[in-house]
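Protein chains in written order, with this note's numbering: chain H, 1 to 300; chain R, 301 to 652; chain F, 653 to 938.
FYI, nobody ran anything at the bench for these hints, they're computed from the structure.
Among the hints, erroneous ones may be present.
[To be verified] Here are some chain F residues pointing at chain H (derived, C-beta under 7 Å):
| id | residue |
| --- | --- |
| 1 | 680 |
| 2 | 697 |
| 3 | 712 |
| 4 | 749 |
| 5 | 779 |
| 6 | 781 |
| 7 | 787 |
| 8 | 792 |
| 9 | 796 |
| 10 | 883 |
[What the hints assert, rightly or not] Quick list of simulated restraints, FRET-style, between CB atoms:
| id | chain 1 | residue 1 | chain 2 | residue 2 | range |
| --- | --- | --- | --- | --- | --- |
| 11 | F | 856 | R | 468 | 25 to 35 Å |
| 12 | F | 856 | R | 366 | 32 to 42 Å |
| 13 | R | 314 | H | 194 | 42 to 52 Å |
| 14 | R | 535 | H | 212 | 45 to 55 Å |
| 15 | R | 370 | F | 830 | 54 to 64 Å |
| 16 | H | 212 | F | 848 | 50 to 60 Å |
| 17 | F | 691 | R | 314 | 26 to 36 Å |
Glycine residues also receive a C-beta, built at the ideal position from the N, C-alpha and C atoms.
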Amino acid sequence: MAVVTSARAVPRRRRFDRSRAAGVLLVLPSLVYLTLFVFIPVIKAFATSFTVRDRDDAGNYTYRVGLDNYAQLATSDTLRANVIFTVFIAVTSVAIVFVIAYVIALALRFGKGPTAKLLGRIYIVPLFIPSVIASYAMITFLANHGFVDGILQAFGLPDGAFPKIVFDWKGIVITQVWLSLPFMTVLLSSVLLEISDSLIESARDVGASSWQIFRHIVLPLSAPGALIGVTFMFLGVIGGFTVPYLLGPNAPQMLGVSMVYYMTNYFEPYIASTQAVAIFMLSLVAAVYYVRQQFKREIR
Amino acid sequence: MAEVELRHVTKGYKDTTAVDDVSLAIKDREFVALLGPSGCGKTTTLRMLAGFIRPDAGQILIDGRGVTDLPPEHRPTAMVFQSYALWPHMTVADNIAFGLRLRRLPQAEVADRTARMLDVVGLPGVTKRYPSQLSGGQQQRVALARALVLGPKILLLDEPLSNLDAKLRVRMRDEIRRIQQELQITTVYVTHDQEEALTMADRIAVMNRGVLQQVGDALDIYDRPATAFVADFIGSSNLLTGTLRLAGARPVAQVGDARIPVEADGLADGAAVTVSARPEDMEVLREAAPDAFRLDDTRLVNFGAYKRLLGRHPAFGQLEARVPKAFRLGDEPVYLRFTRARAFAGDERPRG
Amino acid sequence: MAAQAPAMPAIRLSWWIDDPRMRRMLLRLFGGALAVFIGIPLLTLVLWSFAGEWFWPNLIPTQWSLRWWQEVLENPRVIDAMVLSFTIAPVVTFLTAVVAIPAGYAFARLDVPYRRTLLLLFLIPNAFPRIGLYVSLAVLYYQIGLIDTYWGVVFLHMIGTLVYMTWITTATFRSIDPHLEEAARDAGASPLRAFFSVVLPLALPGIIVASLFSFLASVDEAQGTLIVGTPHYITMPVLLYTLISSFQRPVAAVFSVLLALPSLLLLVVAQRYLHSEYVAAGLGRV
Numbered sequence: 001m002a003v004v005t006s007a008r009a010v011p012r013r014r015r016f017d018r019s020r021a022a023g024v025l026l027v028l029p030s031l032v033y034l035t036l037f038v039f040i041p042v043i044k045a046f047a048t049s050f051t052v053r054d055r056d057d058a059g060n061y062t063y064r065v066g067l068d069n070y071a072q073l074a075t076s077d078t079l080r081a082n083v084i085f086t087v088f089i090a091v092t093s094v095a096i097v098f099v100i101a102y103v104i105a106l107a108l109r110f111g112k113g114p115t116a117k118l119l120g121r122i123y124i125v126p127l128f129i130p131s132v133i134a135s136y137a138m139i140t141f142l143a144n145h146g147f148v149d150g151i152l153q154a155f156g157l158p159d160g161a162f163p164k165i166v167f168d169w170k171g172i173v174i175t176q177v178w179l180s181l182p183f184m185t186v187l188l189s190s191v192l193l194e195i196s197d198s199l200i201e202s203a204r205d206v207g208a209s210s211w212q213i214f215r216h217i218v219l220p221l222s223a224p225g226a227l228i229g230v231t232f233m234f235l236g237v238i239g240g241f242t243v244p245y246l247l248g249p250n251a252p253q254m255l256g257v258s259m260v261y262y263m264t265n266y267f268e269p270y271i272a273s274t275q276a277v278a279i280f281m282l283s284l285v286a287a288v289y290y291v292r293q294q295f296k297r298e299i300r
Numbered sequence: 301m302a303e304v305e306l307r308h309v310t311k312g313y314k315d316t317t318a319v320d321d322v323s324l325a326i327k328d329r330e331f332v333a334l335l336g337p338s339g340c341g342k343t344t345t346l347r348m349l350a351g352f353i354r355p356d357a358g359q360i361l362i363d364g365r366g367v368t369d370l371p372p373e374h375r376p377t378a379m380v381f382q383s384y385a386l387w388p389h390m391t392v393a394d395n396i397a398f399g400l401r402l403r404r405l406p407q408a409e410v411a412d413r414t415a416r417m418l419d420v421v422g423l424p425g426v427t428k429r430y431p432s433q434l435s436g437g438q439q440q441r442v443a444l445a446r447a448l449v450l451g452p453k454i455l456l457l458d459e460p461l462s463n464l465d466a467k468l469r470v471r472m473r474d475e476i477r478r479i480q481q482e483l484q485i486t487t488v489y490v491t492h493d494q495e496e497a498l499t500m501a502d503r504i505a506v507m508n509r510g511v512l513q514q515v516g517d518a519l520d521i522y523d524r525p526a527t528a529f530v531a532d533f534i535g536s537s538n539l540l541t542g543t544l545r546l547a548g549a550r551p552v553a554q555v556g557d558a559r560i561p562v563e564a565d566g567l568a569d570g571a572a573v574t575v576s577a578r579p580e581d582m583e584v585l586r587e588a589a590p591d592a593f594r595l596d597d598t599r600l601v602n603f604g605a606y607k608r609l610l611g612r613h614p615a616f617g618q619l620e621a622r623v624p625k626a627f628r629l630g631d632e633p634v635y636l637r638f639t640r641a642r643a644f645a646g647d648e649r650p651r652g
Numbered sequence: 653m654a655a656q657a658p659a660m661p662a663i664r665l666s667w668w669i670d671d672p673r674m675r676r677m678l679l680r681l682f683g684g685a686l687a688v689f690i691g692i693p694l695l696t697l698v699l700w701s702f703a704g705e706w707f708w709p710n711l712i713p714t715q716w717s718l719r720w721w722q723e724v725l726e727n728p729r730v731i732d733a734m735v736l737s738f739t740i741a742p743v744v745t746f747l748t749a750v751v752a753i754p755a756g757y758a759f760a761r762l763d764v765p766y767r768r769t770l771l772l773l774f775l776i777p778n779a780f781p782r783i784g785l786y787v788s789l790a791v792l793y794y795q796i797g798l799i800d801t802y803w804g805v806v807f808l809h810m811i812g813t814l815v816y817m818t819w820i821t822t823a824t825f826r827s828i829d830p831h832l833e834e835a836a837r838d839a840g841a842s843p844l845r846a847f848f849s850v851v852l853p854l855a856l857p858g859i860i861v862a863s864l865f866s867f868l869a870s871v872d873e874a875q876g877t878l879i880v881g882t883p884h885y886i887t888m889p890v891l892l893y894t895l896i897s898s899f900q901r902p903v904a905a906v907f908s909v910l911l912a913l914p915s916l917l918l919l920v921v922a923q924r925y926l927h928s929e930y931v932a933a934g935l936g937r938v
């Protein structure tokens, strides 16, 4: 009999692992970059938001730590209105995009024929249009005396009766919807693709109606993936500048716009940083959810 | 000359020991199969031989020279992967010639050796094709050619036939064995398929849960299994747990209130044992006899060339015997006698 | 076994709306509305760019002309912006690739310590609203003198592209069978040689797509560049801000078409290779 047995004579030793060293070395440059250009600025923004600049009688600046910037954000009617406006715009546009994108995704997933194919080609287009151009296209399209106004005139709408869309919240929302539609649709489509036909067929087999299948199978199974899209878009809208800058009203402003004004026009980095922190805080729940879900999806 | 030796090789992952203190010597020109269920550590062992994994402890020697710390590119081994791992962006010729070109051989020699190797594996004239244009069996041959073209001292094969259909598997089995004989190359072959191991290898090393169970030729491990695991994994066995009794004329295993005569080398009286008996070592009787046990709930399973008789015994549970294909069940009771049973230390039934 | 299989229920996945005719009609209506909503605004821009005269409420220009194109293409500010955009984007793409591809490879293949934590860090730039990040960065730039510099703009553009490319390359490298690389090592190739002979060629499609997207993201980036690049580093989209705000409608339209061209070109080219995951992973470019 040739059983090979032996006492465990050799102690375990951990050999130096070249793979680990190489891994650290390869990741290091990107980590250094992220630290310098993302983490440090964010941390500094937090610090700056707690820094208060006072001017004494002689005109010299003195600095101290305090909550004055936040107090100003909370008490100033303009700034408070901006915060509320920002959240309102973000929630509204995400909700609208979600519904439209879900319908497109359902059509792409379950529909056949030329219309579904056409949908598949159109919805992706805005992805390739920079937001500045999209905003401008929407201005020419929706402005008073714009394209849509012109068409309605042809159908007998009296001049001046066209509602104010551009330079109003409606313009921001419509443009955000236009811009975010492809992303949300791609995401929802991939989520719906993960639901196998057999799940739906077996539900049909036991006699579920279309609505019941949607309600009890498709919707719950697509919810986690869909929420990634929702949070990501929410973060995008809340942190957007271009669209509200070009299409938004002068007051209230979205935080992105007001922040940049404070930064470049009034040179108030303290208030600007405070608004940046406020934006981070506003989106914290969404951010945490987004990171967790995305992480679960991408990394096993 | 190409001998391989593993000395106390151990490899652990976070909380499991994949390979536990394995020592194994492989002779020149020998064909050794590493056999075991999935997760038994056989592939880890092979990958340590190839140099893809460093052992936590122990040494690997090729021709007496330590290679434990050598990366794969500096080892005289060549591996055939389960997935073949043919480079999809290179033609068949480029796949085979890759290693030759790395060694900066003249163009003519590269072409010559590539063509010759394709002849050896029986696949001439496909040099210009891409791997995706080949069938599974052809890809397998190209993978073999790519491994052999560098003239390695050791050929390593990782479940090379598991992606082929049953018919082709048998053909490739013979083919690989023929090529190995022709080239006289030391070969280590990993498989979970005992038939492959039994038919191809000079010696078989059976592994389970990281531990080398037994090394021997086909006859050794089938007829003289060293552990209950080997007895169960090679072929199949009825496995029972009981206590060894050496008081009588012959050793017996006490299982419940029944006693089975067993072979028990070097085991002490009262030891907890696992009893293993092959279905072909069960005698089927139509009437009661000494040492025969009555079976209830009997039924027959047809395997074509033979049948299996399945039944229950109150003390043993399910038992299985091999019977001729003409065997029929009547109304009368059926009895089983253990003609040959073997006791192994430990009352733990082996787990895959 | 049943001798006769029961007739299969009609599962043509026509479950969303039960009546097929109704469904088809609704779908067509929806598709048409979507096509109008997405297409017409863009078409209006194109029309404007060729309009010699367009008095409202006419639905098409009353007079066609190429003179706005000529005016735009001869405008030195426009030329400067184009040159700047197309000198920044390749640098951004190159630097991003140099930094992100090794990281992607390490995440996909190597035993990086604290891998999960590090990957989490790579999601942070996506998890914070961009404009907040840019303003914070601008504050820092003022202090260290990177504001209104070429490299300041390049590094800002890299925030989005780096995260995107790291994720894409990680996914790409992970999709390549590690045995292919091992087979090369087995044949005698050094780790570097195996990477360049086997892994890189196989990863190239993914890397090219990611690079194209990074290039476009850099060309199209407007809001961050506006904050840290003015007044001396005016890229094309930043110039467009000014053009739009100054109400030169045909000029802005011409410029928009010009700026959209590279992206639309990519849309046509990439549609075949466009894996939805690439798109989904990288949409930091809203």
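Going down the list of hints, with the structure as the test:
Below 7 Å, beta-carbon pairs count as interface contacts, and residue 680 (chain F) has one with chain H at about 5 Å; its hint therefore holds. This hint holds: residue 697 (chain F) has a C-beta 5 Å from the nearest C-beta of chain H, less than the 7 Å allowed. Evaluation of the residue 712 (chain F) hint against chain H yields a violated restraint, the C-beta minimum of about 10 Å exceeding 7 Å. Annotation: interface hint on residue 749 (chain F) violated; nearest CB of chain H at approximately 11 Å, more than 7 Å.
Residue-level restraint check for residue 779 (chain F) holds (minimum Cβ-Cβ distance to chain H is 4 Å; threshold 7 Å). The closest approach between the C-beta of residue 781 (chain F) and any C-beta of chain H is roughly 2 Å, which is under the 7 Å cut-off, so the hint is satisfied. This hint holds: residue 787 (chain F) has a C-beta 5 Å from the nearest C-beta of chain H, less than the 7 Å allowed. Below 7 Å, beta-carbon pairs count as interface contacts, and residue 792 (chain F) has one with chain H at about 5 Å; its hint therefore holds.
Checking residue 796 (chain F) against chain H by beta carbon gives a least distance of about 10 Å; that is not within 7 Å, so the hint is violated. The restraint placing residue 883 (chain F) at the interface with chain H is violated, with a minimum CB-CB distance near 10 Å, outside the 7 Å limit. Hint check: residue 856 (chain F) to residue 468 (chain R), Cβ distance near 34 Å, so the stated range 25 to 35 Å holds. Restraint check, residue 856 (chain F) to residue 366 (chain R): a C-beta distance of roughly 39 Å satisfies the suggested window 32 to 42 Å.
Between residue 314 (chain R) and residue 194 (chain H) the CB atoms are about 29 Å apart, so this pair departs from the stated range of 42 to 52 Å. Taking 45 to 55 Å as the suggested C-beta distance range, the pair residue 535 (chain R) and residue 212 (chain H) conforms, at roughly 53 Å. Range check, residue 370 (chain R) to residue 830 (chain F): about 20 Å between beta-carbon atoms, so the 54 to 64 Å window is missed. For the hinted restraint 50 to 60 Å between residue 212 (chain H) and residue 848 (chain F), the CB-CB distance of approximately 55 Å keeps it satisfied.
In this structure the hint that residue 691 (chain F) and residue 314 (chain R) lie 26 to 36 Å apart at CB is violated, the actual value being about 55 Å.
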